[in-house]
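With these hints in hand, go ahead and build the complete structure from the sequences.
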Amino acid sequence: MNGRSVRYLRAGLGAVVLIALVLVVRGWWGEYRDAVNRASTNEATATASTSATVSPAPDPGEGGDKAEPAPQKDKTGSVTVLIDGLNFRQRPAADAKPIRGLRKGEVLTVLSERAGWYEVRSADGTKGWVSSNPNYTELER
2 MNGRSVRYLR AGLGAVVLIA LVLVVRGWWG EYRDAVNRAS TNEATATAST SATVSPAPDP
62 GEGGDKAEPA PQKDKTGSVT VLIDGLNFRQ RPAADAKPIR GLRKGEVLTV LSERAGWYEV
122 RSADGTKGWV SSNPNYTELE R
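If you read the sequence shown in the numbering used here, its first letter stands for residue 2, the second for the next number, and so on.
Careful, some of the hints might be misleading.
Claimed, not checked - Pairwise CB distance ranges, derived in the manner of DEER restraints:
| no. | residue 1 | residue 2 | range |
| --- | --- | --- | --- |
| 1 | W30 | Y9 | 23 to 33 Å |
| 2 | R101 | E141 | 20 to 30 Å |
| 3 | A21 | L83 | 45 to 55 Å |
Unchecked claim - Keeping only pairs whose Cα atoms sit at most 20 Å apart, straight-line, the calculated SDA-like set for lysine to any residue is:
| no. | residue 1 | residue 2 |
| --- | --- | --- |
| 4 | K128 | R142 |
| 5 | K128 | T110 |
| 6 | K128 | L112 |
| 7 | K98 | R142 |
| 8 | K98 | G78 |
Just so you know, the hints here were simulated from the structure itself, not pulled from any lab data. All of these numbers come straight from a predicted model, not from anything done at the bench. Cβ atoms here follow ideal geometry from the backbone N, Cα and C, with glycine treated the same way.
In structure tokens, the structure reads:
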């Protein structure tokens, strides 16, 4: 090998090392960004659910002997949705399966309240649960 070939070989090897380093740092950055997004999503979910000590009722298909706790208070009136995409859930828990997303301005009839959640009926008659967090819903009596 002559001197020119060695220089090209070194330059090529340096480029390969530099590319590998960029890919490693990019992977770390992506993992960091994903972790931050998950943390902020979990924080928003915790805020929406208002951390109640009520244990969620099991889904009908899951089995189990736990009875769903009775609602805390009967409410009358309606709830107005304050944000687009608010989850309309099957039971009062942040991890409960959503029935659908609600639209900002949608009005729901309140049936009862339980530790940070409103049991509601939509205009089409579907029953479900929404967060009672004032950032997401507004109770009107």
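Which earlier hints can't be squared with this structure?
7, 8
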